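In the order they appear, the protein sequences are chains A and B. Here the first sequence stands for residues 30 to 146, numbered as in our numbering. Here the second sequence stands for residues 43 to 154, numbered as in our numbering.
The set of hints was computed from the structure by calculation and includes no laboratory data. The structure displayed is predicted, hence computed values, not measured ones. All C-beta atoms in this analysis are idealised placements derived from N, C-alpha and C, irrespective of residue type, glycine included. Incorrect hints may have been included.
Ranges between beta-carbon positions, derived for each pair [as the list claims (entries may be wrong)]:
{"no.": "1", "chain 1": "A", "residue 1": "S83", "chain 2": "B", "residue 2": "L126", "range": "30 to 36 Å"}
{"no.": "2", "chain 1": "B", "residue 1": "G127", "chain 2": "A", "residue 2": "G82", "range": "19 to 25 Å"}
{"no.": "3", "chain 1": "A", "residue 1": "S34", "chain 2": "B", "residue 2": "E71", "range": "29 to 35 Å"}
{"no.": "4", "chain 1": "B", "residue 1": "N100", "chain 2": "A", "residue 2": "I41", "range": "41 to 47 Å"}
{"no.": "5", "chain 1": "B", "residue 1": "E71", "chain 2": "A", "residue 2": "E92", "range": "29 to 35 Å"}
{"no.": "6", "chain 1": "B", "residue 1": "P82", "chain 2": "A", "residue 2": "S83", "range": "31 to 37 Å"}
{"no.": "7", "chain 1": "B", "residue 1": "E57", "chain 2": "A", "residue 2": "G82", "range": "38 to 44 Å"}
{"no.": "8", "chain 1": "B", "residue 1": "L126", "chain 2": "A", "residue 2": "E116", "range": "34 to 40 Å"}
{"no.": "9", "chain 1": "B", "residue 1": "P82", "chain 2": "A", "residue 2": "K43", "range": "44 to 50 Å"}
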Amino acid sequence: GAVVSQHPSWVICKSGTSVKIECRSLDFQATTMFWYRQFPKQSLMLMATSNEGSKATYEQGVEKDKFLINHASLTLSTLTVTSAHPEDSSFYICSASLRLTISYEQYFGPGTRLTVT
Amino acid sequence: AQTVTQSQPEMSVQEAETVTLSCTYDTSESDYYLFWYKQPPSRQMILVIRQEAYKQQNATENRFSVNFQKAAKSFSLKISDSQLGDAAMYFCAYLSGNQFYFGTGTSLTVIP
């Protein structure tokens, strides 16, 4: 099956610094990649959708200057949390889309736990 | 707008028994996919089962089966012979085009 990796799996950073999270589709080319945020015991909240070579589309309420998304290739997307603050501490999950017949199935990465101190 | 509702925030089941998790959704589309995902404590999203809306036959994967009622916009998950490893958060999801919509999740506890 399609495999998506994320790196790092857990990162701790100091307030005011930036941190980059990588999402890779290992054995397929993803037409689209998605970034989600998940708070404890809550559902996944879509942050943005990115297509290779074009600007990401951000969901309402998500600051695009704070959460920078770069989709450099069909197998790699990165999320950079700029000037991180403790409230940015969360679990971030990426997924990559693989086209099926009439729709697109998403394959999820294992997630990245970000802790901002 | 598409919405997915899971009305049971928590459920519990005795080991080896059967449990059904509920999910309803709202859409005006005719072609779409429905999914159940499991999220164990590791937080890796694991696909449990998938249903294509154009298929009338309910999907089945080993101990997992769904009851898909398209007219009622209902998509419940039945877990038979529950095992301790089934304990997790379960998310119902609707997919149309390139957009996923997740329910709020049901936390399943399996009692030994």
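Hint by hint, here is what the structure shows:
1. S83/A to L126/B: 30 to 36 Å: violated (45 Å)
2. G127/B to G82/A: 19 to 25 Å: Because 41 Å falls outside the window, the suggested range is violated.
3. S34/A to E71/B: 29 to 35 Å: 32 Å Cβ-Cβ, so the 29 to 35 Å window holds.
4. N100/B to I41/A: 41 to 47 Å: holds (45 Å)
5. E71/B to E92/A: 29 to 35 Å: At 30 Å between Cβs, range holds.
6. P82/B to S83/A: 31 to 37 Å: holds (34 Å)
7. E57/B to G82/A: 38 to 44 Å: violated (50 Å)
8. L126/B to E116/A: 34 to 40 Å: holds (36 Å)
9. P82/B to K43/A: 44 to 50 Å: violated (31 Å)
Hint compliance for this structure: hints 1, 2, 7 and 9 are broken, all remaining hints hold.
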